[in-house]
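A.B. asks: Use the sequences and the hints to build the structure in full.
So the chains spell out like this:
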Amino acid sequence: MDDWKDFKRVFLTLATPGSLWMLLFFAIPMAFLFVLSFSSKAVIDGEISTTAYDYMNTFQNYVESAGHNYLVLLWRAIWTSAIATALCLALAYPLAMAVCFAAPRWRPLLLLLLILPFWINLLIRTYAMYSIFRTTGVVNQAFGLVGLGPYEMLNNTYAVIMGLVYVYLPFMVLPLYSTIEKLDRSFLEASLDLGATQAKTFWLVTWPLTLPGVITGIILVYIPCLGTFLTSDILGGPNNWNIGNAIQNQFLESNNWPLGAALSFILMYVTFIALMVRAFLAKRSTGVDA
Amino acid sequence: MSEPIISIRNVSKRFAGGVTAVDNVSIDIAQNEFFALLGPSGCGKTTLLRMISGLETPTEGQIIIGGQDMAFTPPNLRPTNMVFQSYAVFPHMTVEQNVGYGLKVTGVPAAEIKTRVAEALEMVKLAHLAARKPDQMSGGQRQRVALARALVKRPKVLLLDEPLSALDAKLRDDMRMELTRLQQTVGITFIIVTHDQDEALSMASRIAVMDKGAVAQIATPSELYEHPRNKFVADFIGKVNLLDASVLSQKGKTVTCETKAAGKFAIETDKTCGSTATIAIRPEKLKLSASEPKGAGLVKTKATVRDVAYYGDTSHVVADAGGSDLEINVQNDSRTGGSGVERGQKLWVSFNPEDALVLTE
Amino acid sequence: MSAQLKPGQGPLDYARRPWIIALFALVLLFLYAPIASLIVFSFNVDKSGVWHGFTFMNYVKAWNNEQIFYALSNSITIALISTVFSTILGGMTALTLWRFRFPFKTAYEGFVALPIVVPEICMGIALSMFFNYSGLMAAVRDWVWPFNLINIIFAHIAFSFPFVAVVVRSRLVGFNRQLEEASKDLGATEFQTFINVLIPFMMPALVAGGLLAFTLSLDDFVITLFSSGPGSVTFPVKIYGMVKRGVDMQINAASTVLILVTLSATLIAMKLQAPAKSGH
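Chains as they are written, first to last, in the working numbering: chain Y, -7 to 282; chain C, 210 to 570; chain A, 11 to 290.
For the record, the hints were derived by calculation from the structure and aren't laboratory data. It is possible that some hints are incorrect.
As the list claims (entries may be wrong) - For the chain C half of the interface with chain A, some residues (derived, Cβ under 8 Å), not all of them:
1) Glu265
2) Thr266
3) Pro267
4) Thr268
5) Phe281
Unchecked claim - With a straight-line Cα cutoff of 25 Å, these simulated DSS-like cross-link-like pairs (lysine-lysine) come out:
6) A/Lys194 x Y/Lys0
7) C/Lys448 x C/Lys555
8) C/Lys342 x C/Lys313
9) A/Lys16 x C/Lys365
10) C/Lys473 x C/Lys555
11) C/Lys469 x C/Lys509
12) Y/Lys174 x Y/Lys192
13) C/Lys342 x Y/Lys174
14) Y/Lys(-3) x A/Lys57
15) A/Lys115 x Y/Lys0
16) A/Lys16 x Y/Lys192
17) Y/Lys174 x A/Lys281
18) C/Lys365 x C/Lys334
19) C/Lys365 x Y/Lys192
20) C/Lys469 x C/Lys448
21) A/Lys71 x A/Lys254
22) A/Lys115 x Y/Lys(-3)
23) C/Lys448 x C/Lys494
24) Y/Lys192 x C/Lys342
25) C/Lys509 x C/Lys440
26) Y/Lys192 x C/Lys323
27) Y/Lys275 x C/Lys342
28) Y/Lys275 x A/Lys194
29) Y/Lys192 x C/Lys494
30) C/Lys509 x C/Lys462
31) C/Lys334 x C/Lys313
32) A/Lys71 x A/Lys57
33) C/Lys448 x C/Lys421
34) C/Lys313 x C/Lys379
35) C/Lys440 x C/Lys469
Note that beta-carbon positions come from the ideal geometry of N, C-alpha and C, so glycine has one too.
C.D. replies: Next comes the structure, spelled out in structure tokens:
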């Protein structure tokens, strides 16, 4: 690695465009959002303005965000995401194992089958889910053939969780696959050879040695689930909104931007807490990673 | 031979795609033997070892361990333990936890684990490193952990897969002695897989040489070296000159043959020869001399030295005799100028036909 | 686990365990059945969940639906342009981080990775306010196509290029700097070395990163929803509006086309990338 001072021109040429872009289209907008979260709508001539704000004059938005209405939504985001992540892990782990332990010539095809849906538009996949599970959808029609239903399968929390698993499963498969694939099989063989059953081999050897991949997978799934907007909107309906839907609502419907900004920052803080937990866990298992 | 501890009977292993890794192999291994499976890479020796441990299953055949057919018993239920080529020392456990692992998972009481682990670590001289993690240890130390971890289970048979291949030359020699010593102290049957003939010859009490999935010969080291059964074994074990010979006549045990390199001579053999045979003779059994050697029955020929390589204790000479190359080892037994042989010299090469061997396969 | 092994099967042949095969099949059904049904019903004569007969009518309607057509061409234009710029910016950022030591490097690395971890909706509204208050949103509204899409393109580059940087940087880690030295030793200038040695080495990662940027852009709904004006609707935003009004087989038809386009682009890119990968 070179010191930047020895190649100032090259360094500045390479570093400036990306930095400028980040500054203009990320840092400044975020800073503005931060300021807005402490602001209130300006009152001009006794009327509440729709476009002007009094900046940095209140904590009211955070107080309101911490109120029951929004805490419920935040809490729902936290636990539905947790369940969806756990389900993804429970499904993806055995599948990733199967791919890694399949005959080498089948591996790329099996992996491709599991992650191909990732390349299909998120909205299209959610819509596909919606159209087969709606009351007149193909699933209910099938129930109808045997004299059952129709059932209301959407507009509940289960539908949201199912949708999240559907959409984010590939994100869990990939890091698990790349970790298990790198795992030296002779560790598992040694464990079996030393008298451990398959179950003990899994818990005492396979699981701890693949923990870094598990943690990465959990983060890759949990974070987008937390801020989800589409899945809860289309499959869950208004009664199953997450915090993401509330934020969208403040901006596009209720027109209370400062409150939306405060909610956004709360969501970001939760996300960062999740990332810090991951960093902490990763540090503890670095010995394993080597 | 006493009751075998392991009896491999007509075992074959075919992989999907039609590759036969092990082809109808039968071997009996006695209690307390140090047995080696020797062969070039891809000869099926590792597959055979893995079938003994249960990490692979045969396509057909029986693997009888301690009187019980275990061909399809899972590895965790077999009285065998393995030292892996990569050692497979668990990176997330300390040395002590590694060695105690096999006892812990089979429900041995904690107090007993402690004493047995301590004993095992003492045996491989690692007691002072018990609390270390594997990534703070050298390759040689990790191998000792792997050994202790397998031996602490007191298996009927210890399996070693290329145990020395990842060590450097000096350490390898030490470890060879160490393994022989361990085998004698613990009195367990050792089966070692290796592609290194020196390793097999110096450690094993018996060796099975394998070629293309089949057993070429099972014998003691000296028998293998002095009486190889076929060209493959002769060529694989040590260096050898293989002379193509046409058989002129055979009277009882005496064969008269003619070779390009050494002309016409008679040689004793138990085998019945067809019209051609191969005469095998080790380089150290060929003699070089400036003047024509005298002695009854010596086979001799004139040869031109093509190349001399100096190895300190010996020199390896390659000489052209009648259009084919002969390899000759010369002892450098004086301090003045090594062998004294020089490129381009014309010398006599001779050997006693009793030191040569007739091979028909 | 006292069960006997089967002939020719090892204890680690998990891929041949019946329960894992069954689970695999079920998950594939779960992943593909909704998409398959979406495609099948795009040929249905009505919008019910029952098959009432085959027709191409939905495709004809979607094709003639100016709004869908417009949204789709917007999406593809935005994706193409933002892919080019994201790949360049991402490649440069990766080179900076790989090659140089500089003050506050760790902080800078974290900063550049932020768009990857920040929830989309937060970045979406932040950008939307920025565009509104800087006047960009109003200014571009009347610009001629495709310049009226420029704020969406800016936004897409901002969230895509950090992904490209991550992909390219992980490849650069494997670069042997002696190759660079060898090139300079043979008389090449710094710039010639860059063009002839480093760029070819980065190529597979640039292709992979570009593909990722393309998919992210085409896929993005949340950020686009906030930065698009009435005249700059993209395909996902349009579809969202239609979905909110209920199931419509035109959506199925248009989606089927988009699925085919993205999947074939993905598969071709993977094929192109495969030999380059093994070449190193």
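A.B. asks: Each hint: holds or not?
C.D. replies: Here's how the hints hold up against the structure:
Using the Cβ-Cβ criterion of 8 Å, the hint placing glutamate 265 of chain C at the interface with chain A is satisfied: the shortest such distance is roughly 5 Å. Annotation: threonine 266 of chain C was flagged as interfacial toward chain A, and the flag holds, the nearest CB pair being 5 Å apart, inside 8 Å. Of the supplied interface hints, the one on proline 267 of chain C holds, with its beta-carbon coming within about 7 Å of a beta-carbon of chain A, less than 8 Å. The beta carbon of threonine 268 of chain C comes within 5 Å of a beta carbon in chain A, closer than 8 Å, and the hint placing it at the interface holds.
This hint holds: phenylalanine 281 of chain C has a C-beta 4 Å from the nearest C-beta of chain A, less than the 8 Å allowed. Taken as a hint, the lysine 194 of chain A and lysine 0 of chain Y pair is honoured in the structure, with Cα atoms around 19 Å apart against an allowance of 25 Å. Restraint check for lysine 448 of chain C and lysine 555 of chain C: satisfied, since their Cα atoms lie roughly 23 Å apart, inside the 25 Å limit. With a C-alpha separation of about 18 Å, the suggested pair lysine 342 of chain C and lysine 313 of chain C falls inside the 25 Å cut-off, and the hint holds.
Distance restraint check for lysine 16 of chain A and lysine 365 of chain C: the Cα-Cα separation of roughly 24 Å lies within the 25 Å cut-off, and the hinted pair is therefore satisfied. A hinted pair counts as satisfied when its Cα atoms are at most 25 Å apart, and lysine 473 of chain C with lysine 555 of chain C qualifies at roughly 20 Å. Only pairs whose Cα atoms come within 25 Å are accepted, and lysine 469 of chain C paired with lysine 509 of chain C is accepted, the gap being roughly 12 Å. Restraint check for lysine 174 of chain Y and lysine 192 of chain Y: the C-alpha separation of about 21 Å stays at or below 25 Å, so the hint holds.
For the given pair, lysine 342 of chain C sits about 20 Å from lysine 174 of chain Y by alpha-carbon distance, which is consistent with the 25 Å threshold. A distance of roughly 66 Å separates the Cα atoms of lysine -3 of chain Y and lysine 57 of chain A; the hinted pair therefore is violated under the 25 Å criterion. Distance hint between lysine 115 of chain A and lysine 0 of chain Y is fulfilled; the C-alpha atoms sit about 15 Å from each other, no more than 25 Å. Distance restraint check for lysine 16 of chain A and lysine 192 of chain Y: the Cα-Cα separation of roughly 21 Å lies within the 25 Å cut-off, and the hinted pair is therefore satisfied.
For a cut-off of 25 Å, the pair hint linking lysine 174 of chain Y to lysine 281 of chain A stands: about 23 Å separates their Cα positions. For the suggested pair lysine 365 of chain C and lysine 334 of chain C, the alpha carbons sit about 22 Å apart, so the restraint of at most 25 Å is met. With a CA separation close to 23 Å, the supplied pair lysine 365 of chain C and lysine 192 of chain Y stays within the 25 Å bound. At most 25 Å may separate the alpha-carbon atoms for a hinted pair to count; lysine 469 of chain C and lysine 448 of chain C meet this at roughly 20 Å.
Between lysine 71 of chain A and lysine 254 of chain A the alpha-carbon distance is near 19 Å, which keeps this suggested pair within the 25 Å criterion. Distance hint between lysine 115 of chain A and lysine -3 of chain Y is fulfilled; the C-alpha atoms sit about 14 Å from each other, no more than 25 Å. Taking the CA atoms of lysine 448 of chain C and lysine 494 of chain C, the gap is near 11 Å; set against the 25 Å cutoff, the hint holds. Between lysine 192 of chain Y and lysine 342 of chain C the CA atoms are separated by roughly 21 Å; this keeps the pair inside 25 Å, and the hint holds.
For the given pair, lysine 509 of chain C sits about 23 Å from lysine 440 of chain C by alpha-carbon distance, which is consistent with the 25 Å threshold. Distance restraint check for lysine 192 of chain Y and lysine 323 of chain C: the Cα-Cα separation of roughly 20 Å lies within the 25 Å cut-off, and the hinted pair is therefore satisfied. Restraint check: the Cα-Cα separation between lysine 275 of chain Y and lysine 342 of chain C comes to about 16 Å, which is no more than 25 Å; the hinted pair holds. This hinted pair does not check out: lysine 275 of chain Y and lysine 194 of chain A have alpha carbons roughly 40 Å apart, beyond 25 Å.
For a cut-off of 25 Å, the pair hint linking lysine 192 of chain Y to lysine 494 of chain C is broken: about 58 Å separates their Cα positions. Distance hint between lysine 509 of chain C and lysine 462 of chain C is fulfilled; the C-alpha atoms sit about 22 Å from each other, no more than 25 Å. At roughly 22 Å between alpha-carbon atoms, lysine 334 of chain C and lysine 313 of chain C fall within 25 Å of each other, so this suggested pair holds. Between lysine 71 of chain A and lysine 57 of chain A the CA atoms are separated by roughly 14 Å; this keeps the pair inside 25 Å, and the hint holds.
About 21 Å separates the Cα atoms of lysine 448 of chain C and lysine 421 of chain C, which keeps this hinted pair within 25 Å; it holds. A distance of roughly 35 Å separates the Cα atoms of lysine 313 of chain C and lysine 379 of chain C; the hinted pair therefore is violated under the 25 Å criterion. Between lysine 440 of chain C and lysine 469 of chain C, the direct Cα distance comes to roughly 18 Å. Compliance with the 25 Å bound is thereby established for this hinted pair.
In this structure, the earlier hints numbered 14, 28, 29, 34 are contradicted, and the remaining ones agree with it.
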